[in-house]
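Given the sequences, and given the hints that come with them, work out the whole structure.
One line per chain: the protein sequences are A and B, in this order. If you count the first sequence from 1, you need to add 455 to reach the numbering used here. If you count the second sequence from 1, you need to add 4 to reach the numbering used here.
Incorrect hints may appear among the rest.
Unchecked claim - Chain A is faced by these chain B residues, among others (derived, beta-carbon under 10 angstroms):
| id | residue |
| --- | --- |
| 1 | 213 |
| 2 | 216 |
| 3 | 492 |
| 4 | 728 |
| 5 | 729 |
| 6 | 738 |
| 7 | 763 |
| 8 | 790 |
| 9 | 932 |
| 10 | 978 |
| 11 | 980 |
| 12 | 987 |
As the list claims (entries may be wrong) - If you want a taste of the chain B side facing chain A, the calculated C-beta under 8 angstroms gives, among others:
| id | residue |
| --- | --- |
| 13 | 114 |
| 14 | 117 |
| 15 | 705 |
| 16 | 727 |
| 17 | 730 |
| 18 | 736 |
| 19 | 761 |
| 20 | 764 |
| 21 | 965 |
Hints listed in this document are in silico derivations from the structure and should not be mistaken for laboratory results. Quick caveat, the model's predicted, so the values are computed rather than measured. In this text, a Cβ means the ideal position worked out from N, Cα and C, and glycines have one as well.
Here's the letter readout for the chains.
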Amino acid sequence: MTSELDIFVGNTTLIDEDVYRLWLDGYSVSDAVALRVRSGILEQTGATAAVLQSDTMDHYRTFHMLERLLHAPPKLLHQLIFQIPPSRQALLIERYYAFDEAFVREVLGKKLSKGTKKDLDDISTKTGITLKSCRRQFDNFKRVFKVVEEMRGSLVDNIQQHFLLSDRLARDYAAIVFFANNRFETGKKKLQYLSFGDFAFCAELMIQNWTLGAVDSQVDDMDMDLDKEFLQDLKELKVLVADKDLLDLHKSLVCTALRGKLGVFSEMEANFKNLSRGLVNVAAKLTHNKDVRDLFVDLVEKFVEPCRSDHWPLSDVRLFLNQYSASVHSLDGFRHQALWDRYMGTLHGCLLRLYHD
Amino acid sequence: MPGKLKVKIVAGRHLPVMDRASDLTDAFVEVKFGNTTFKTDVYLKSLNPQWNSEWFKFEVDDEDLQDEPLQITVLDHDTYSANDAIGKVYIDIDPLLYSEAATVISGWFPIYDTIHGIRGEINVVVKVDLFNDLNRFRQSSCGVKFFCTTSIPKCYRAVIIHGFVEELVVNEDPEYQWIDRIRTPRASNEARQRLISLMSGELQRKIGLKVLEMRGNAVVGYLQCFDLEGESGLVVRAIGTACTLDKLSSPAAFLPACNSPSKEMKEIPFNEDPNPNTHSSGPSTPLKNQTYSFSPSKSYSRQSSSSDTDLSLTPKTGMGSGSAGKEGGPFKALLRQQTQSALEQREFPFFTLTAFPPGFLVHVGGVVSARSVKLLDRIHNPDEPETRDAWWAEIRQEIKSHAKALGCHAVVGYSESTSICEEVCILSASGTAAVLNPRFLQDGTVEGCLEQRLEENLPAGCGFCHIPYDELNMPFPAHLTYCYNCRKQKVPDVLFTTIDLPTDATVIGKGCLIQARLCRLKKKAQAEANATAISNLLPFMEYEVHTQLMNKLKLKGMNALFGLRIQITVGENMLMGLASATGVYLAALPTPGGIQIAGKTPNDGSYEQHISHMQKKINDTIAKNKELYEITPPEISEEIIGSPIPEPRQRSRLLRSQSESSDEVTELDLSHGKKDAFVLEIDDTDAMEDVHSLLTDVPPPSGFYSCNTEIMPGINNWTSEIQMFTSVRVIRLSSLNLTNQALNKNFNDLCENLLKSLYFKLRSMIPCCLCHVNFTVSLPEDELIQVTVTAVAITFDKNQALQTTKIHVEKSLQRASTDNEELLQFPLELCSDSLPSHPFPPAKEHLESASSNSGIPAAQRAASVDYSSFADRCSGWIELIKLKAQTIRRGSMKTTVTVEKASPMGEGNFRNRSAPPCANSTVGVVKMTPLSFIPGAKITKYLGIINMFFIRETTSLREEGGVSGFLHAFIAEVFAMVRAHVAALGGNAVVSYIMKQCVFMENPNKNQAQCLINVSGDAVVFVRESELEVVSTQQPTANCQPSCTGGEVTT
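Here it is in structure tokens:
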């Protein structure tokens, strides 16, 4: 006796969250059955392995049919084939678009192209995430990217509107899209200590302040591309380190303000010029695409690492950056105050976030 | 020009990409009705076209309106080549033809293609303007309402139940026409879909005409089926019950009428004109010859050969009087006369209903069934319906005669089915022989009294169990005792029926699904030889199915079966029998005895030991089942019952016969000769198998119950969560081990595993009950067995499981006050050490008080699961006495009562309040259920019948996920299309939903598969009870306390 056909169709589509997770994680039916057996479900329910097999197959078939709709979530809401309560629909979408931290760190800032897709094998081996799951996550990134690129309006809003994701997840996707578009390097060994959350935080700040959308909300790709004019203008900041008087004045202003307040004052005093040069040079270099990509590498090399080697506590870094940014306003010879604020305001937040072990 | 049909095509969405180059589609729509076609403009390059067309107007006869479906075809415009079809939508506009139903059809319909499935959706608006037409020779029957529901629909009142209507139309199957060789599969499928749609329309119109001739205005219990006969044609046939229904305007309007005490009404049957002929013969007599396509004389001549029962048309009025008890006698005789004369006017006094207005069903005789084997290639004139009409008439005649033999004039819960394999066709009909109250069957009834209880001398809760036949002249040997409820009338020891449990029946404990499963191998043969072989096998199968049912019933410790449905399926090389029913313990019937095992070779010691071991196992199982289903009947000493009739314990409620094409009919005596049916003789391995299979049926996991009737006896506090589902399994038998035993085991495993899977899948709904579990077996190929199950899982509240909640609430003040009086009035005879604070009335008064409430019209009881309340109350009361007898401390009992009194109320109210947000959030949801009601909701409007037929075919089976993927997607699509049609009618649920056919054929080698599905149901609008009003809930709950307490103690 062999089972030729075995199906169950409910008027309300049954969604088993545990099986959905197994399916999303890319397990085959037999692996999923084995995992479910190990979870002790047979003992709890008194079911047999055959029942479990049939149940798992059914759910997998349903998910397979739903997958086409999940690629365009608004379709899932309007389709008539599967009757799913709204809360379940939201769960299906949210889980489908959720991604693994380990995976996203591997592809963040990479071009979402066929070439990268070929490397998924290696990523799968490295992270222990099944190839199937890697592919789904990669395809999700790529799909979201394709849909929202060249679109007008806020990146997060666009993602939310077209993929019906939660605010949190939409923000994460905005970061992923932003990083992919600007191809920021995140894979260097130096950057390994940083989490996706760190990058996403920076991305949000950069989108808010450094993109076209920050000045004009009526352009295509306003949140994805950095404001080229702004980057060009950043060269003007070079005067802060090129002009020796200005640099000294800046240093003395910061030192006066921080004397006695900083645990690492002497180190700061000794390193001020190096740090300031580093930060300003990063700005000045942003006209070249290649240097834009290395932004995070540069920030870590030029600022995070020197401070860390001198054991600056985070509170001191905060005090320093506050003073460092603010003191520029007192430099009479410096005319690019607004530019400086737009640059430093974002960098200030990013650096604090990046400064940890 | 009796009607104007107006159609507007609004928009499309999610269309498939038809032009690869642009990834877009240039879509336009053709709207066709009859021979008229309109087209929209082409909407260029869009997957979401906005046509916003003008109103396309069709001026048509109402006859066409009934027959023709509106056909909407979406196409992709192609400048250079032929336009490609994207898909079609068929819309049945029938619901727009009655005044009270839908007024407009408007909504998104899935665009369906028989090869690709659903391909996007289209928004359509349809309206009909009907002009009055007074032409009395008209061929249309617009305005006759159709209901699939097999009871009086919830917001209607039955004025008259006219009786049986049937019709059958035949056509050539497009799949077997010569043209099919040259057309595409798509064209062939569409031709078939269209033809069946047309034929259903025609059938419905013709049935409607018959109803109008009977002066009815509705068909209830409408069941339409297709027989794919192959070469000989395509048959669409339907049966139903013609009624005159009155719409209930508002619940308040009819409530006072039923408040009048029933005692005053009891005289009415006697005062009324005892000769209803003058009324009923008017419409029905001329009808006989006009509408039934065969000659009566011919069919009547057949009867004489078909059975030994008297089939003459003269009523045997004397028959009943002898059996009747002291009080019931004269009335019974009169009733019999009345009913008989009323029913005699009808060719077939059959009713497709399974639930009835209170007082309608007087006695139940037992199940009657008839089967007949026919050869399809012997039909002389395959395109004409005559031959099939004659076949069915013959079977119906047999059923009628069986009913007569049981002393009954009517058959209720009647249904017909076929099983076809190549040129052999088994026709089956079955129902429950019954005696009915004539009042509903004739014209000129006193308005308003219909819902009143019939008379006092038929005690509620047990009246229907009393035998309708003559005790001294029994049609078959049976074991009779005095009714355990009223002690006045005789009852059989076991009762089998095809109907739902009557609302006033007294049941102890809970019910359960009981199935008998059987396979028999058959040699492959041709034509006549094949038919003979099948005819020879049938009696054995019926016998074994019956034995299995009886044994399983005993094993469950129960004594009655409801909703019995025996399906015999014929295949190339085997016959399958599957019987499903819901077992219950009726308080009126005697406690079933156990099962005794007897060996044939008593001299073998070890064998004896084995036997006694088995016996112990069986006894243990019975004890366990009794506990599981809470069957604890009151212990009553023999003296109270009166002298039992010392007779050999023999029983059979099934009268049946088989006839093959030669018209030869045999009677089958299922009473096992003179042997005791309780004794299972283990004389060979076969019998061993039987015993084993008895014990292998596993009960459902805790928290689950199942039944195949509308609702589960013993559960009444349904919560609103429902899940309707269809599950299909096909197994391939390995041809090596094809023995009867192996087959039986495979089949048994298949069904058991399927049930287990269902329990597992629905575990999140626990505690819940699978209701209306409907199994269908088919044998699509030599070694394939297909089982299709449709059922609904309904959650219930476990904490209140034994308490009567809403029911009491609905029954309102009137009952409560009478209850209180009676409670005080009667001494507690059975409760020797009485409970002063919680007195309980003795059985009789208790029953009467309950019965006076059954005067509440059916429509009002509708919304909630009403009927088990009384049973619960009563069983709770009996339990209490039992507990008392076992001297449980009085004090502890009182405390239990008071403590629990408070909690259920609080919970009930809480529930009411918490429900609405939940219901509101699911906007646009369409519920589907095979039941006639929706738990926790009131049906406010019936929008019309849904009857849809779909074909799906694929030539890329592997790519679509194999057979499972293919069928899974198709069934999901069918559900979607049903829901879309209901939503477009303005409805939010389908009740009495049924998947009548699911024919699946595959050819994996060619990577092909085809499936045909036919579904039907009633589109309705329902409103959550919690949204209606919560006002009335407070008062009555307080009043029902005394009756609740009995239940609480048992928890």
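Against chain A, run the beta carbon of residue 761 (chain B) and see if the smallest gap drops under 8 angstroms. holds, 5 angstroms
Closer than 10 angstroms between Cβ atoms is the bar; does residue 216 (chain B) clear it against chain A? Give me holds or violated. Given a least distance of 35 angstroms, the restraint on residue 216 (chain B) is violated.
Tell me if the interface restraint on residue 730 (chain B) is satisfied: Cβ within less than 8 angstroms of some Cβ in chain A. holds, 5 angstroms
Quick check on residue 213 (chain B) please, does its C-beta sit within 10 angstroms of some C-beta on chain A? violated, 35 angstroms
Residue 763 (chain B) as an interface hint toward chain A, with CB separation required under 10 angstroms: Nearest chain A Cβ about 8 angstroms off; hint holds.
Supplied contact hint for residue 114 (chain B), tested at 8 angstroms Cβ to chain A: This hint holds: residue 114 (chain B) lies near chain A, its Cβ roughly 5 angstroms from the closest one there, short of 8 angstroms.
Can you verify the interface hint for residue 727 (chain B): is its Cβ closer than 8 angstroms to any Cβ in chain A? holds, 5 angstroms
Given residue 932 (chain B) as an interface hint, is its Cβ closer than 10 angstroms to any Cβ of chain A? holds, 4 angstroms
Restraint satisfaction for residue 729 (chain B) [CB to CB of chain A, less than 10 angstroms]: With Cβ-Cβ at 4 angstroms, under 10 angstroms, it holds.
Report holds or violated for the interface hint on residue 738 (chain B), using the least CB-CB distance to chain A and a cut-off of 10 angstroms. holds, 7 angstroms
Per the CB criterion, is residue 764 (chain B) less than 8 angstroms away from chain A? holds, 5 angstroms
Per-residue hint verdict: residue 705 (chain B), partner chain A, C-beta under 8 angstroms: holds, 6 angstroms
Of the numbered hints listed earlier, those contradicted by the structure are 1, 2, 3, 14.
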